[in-house]
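If you count by our numbering, then the sequence shown holds residues 4 to 305, one letter each, in order.
Worth flagging that the hints you see were computed from the coordinates, not collected in a lab. No residue lacks a Cβ here, since even glycine has one placed at the ideal position from N, Cα and C. You may find that some hints are simply not true.
Unchecked claim - Label pairs and their calculated CB-CB ranges: (1) Leu184 / Gly73: 37 to 45 Å; (2) Gly113 / Tyr33: 50 to 58 Å; (3) Glu194 / Arg302: 31 to 39 Å; (4) Glu37 / Glu255: 31 to 39 Å; (5) Glu119 / Lys64: 18 to 26 Å; (6) Glu37 / Leu71: 16 to 24 Å.
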Amino acid sequence: MKVVVGARGSKLSITQTNLIIDMIKKAHPYLEIELKTIKTKGDILREASLYKIGGKGVFVKEIEKELLNGEIDMAVHSMKDMPGVLPEGLKLSYVPEREDYRDVLVLREGLNSLDELPIGAKIGTGSKRRKYQLLRYRNDLNIIEIRGNIDTRIKKIESEKLDGVVLAAAGIKRLGLDKTLKDRLVYLDKEIVLPSPCQGILAIEIRKDDKKMEEILKSISHEKTEIQAKVERGFLTGAGGSCKVPIGAYCEIYDEKVVLEGFLGTEDGSVLINKRMEGSKDSLEKLGYDLANTMIRERDSR
């Protein structure tokens with residue numbers, strides 16, 4: 004049996020997709036697996052602001068079209084790039100183990116920590132979630148909007164004379180850049196910057212009626228990550244997840260108890276709310292929806 008896997012053409016996307024292909028091959032060595040790279044709107048318009056060109060969906064629409072047309076059998080995405088609602092006929096399948104969920108600050112040479120940054124330090128990020136949480140921690144920072152892949156953004160530290168850029172730790176680690184950047188990396192605890200919902204989790208998208216692919220992918224499932232993905236995506240969907248408003252979430256599991264921390268703000272950052280809610284393993288998506296609805300009501304009443 005041959006399986007065609009679709010992914011974006013970026014170095015990170017191909018690395019992540021090959022990780023999934025290796026996991027599948029380990030469990031199903033008889034499968035012939037082909038990787039097909041697909042250019043998305045987000046890859047073509049690299050410098051444009053995300054929320055101006057269509058939000059999260061700009062990294063997945065073209066790939067989803069090929070999935071619906073039967074040109075590919077499955078697609079691998081960063082789950083944090085997935086909109087809360089998928090196109091009719093598609094679904095997310097089993098979820099492999101999560102990589103580091105945190106954000107990381109890549110500093111220019113000679114700097115050592117977030118607290119030691121000079122007054123008015125220039126920090127690059129295209130994310131409102133990162134921007135407003137960093138400004139809440141240090142309101143003197145000068146946040147510069149940047150986009151591009153990981154390598155491009157790191158190069159902008161030199162080319163645009165930035166003091167640092169904020170990226171997802173998962174991408175840095177999957178590309179092995181943590182070994183070369185070493186002391187220039189400052190991992191941001193969730194108490195400072197709560198991550199994007201499902202950051203560090205890979206999403207595998209398939210056609211809803213494809214039982215064969217579902218059966219194949221069962222072998223890579225990771226229980227804790229499956230729970231986190233359901234809860235955090237519930238929060239994203241409940242909050243009407245888009246790039247226009249800052250949204251963050253992280254779910255932790257303690258035996259039968261599930262704890263969700265959420266971050267939600269207004270588009271201009273004038274209202275920023277953090278809240279946590281506890282639930283059980285019986286009400287995963289509901290916990291996400293409930294916390295999102297509580298926070299929306301609080302935000303809109305201010």
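Hint-by-hint comparison with the structure:
{"no.": "1", "hint": "Leu184 / Gly73: 37 to 45 Å", "in the structure": "holds, 41 Å"}
{"no.": "2", "hint": "Gly113 / Tyr33: 50 to 58 Å", "in the structure": "holds, 53 Å"}
{"no.": "3", "hint": "Glu194 / Arg302: 31 to 39 Å", "in the structure": "violated, 20 Å"}
{"no.": "4", "hint": "Glu37 / Glu255: 31 to 39 Å", "in the structure": "holds, 38 Å"}
{"no.": "5", "hint": "Glu119 / Lys64: 18 to 26 Å", "in the structure": "violated, 42 Å"}
{"no.": "6", "hint": "Glu37 / Leu71: 16 to 24 Å", "in the structure": "holds, 18 Å"}
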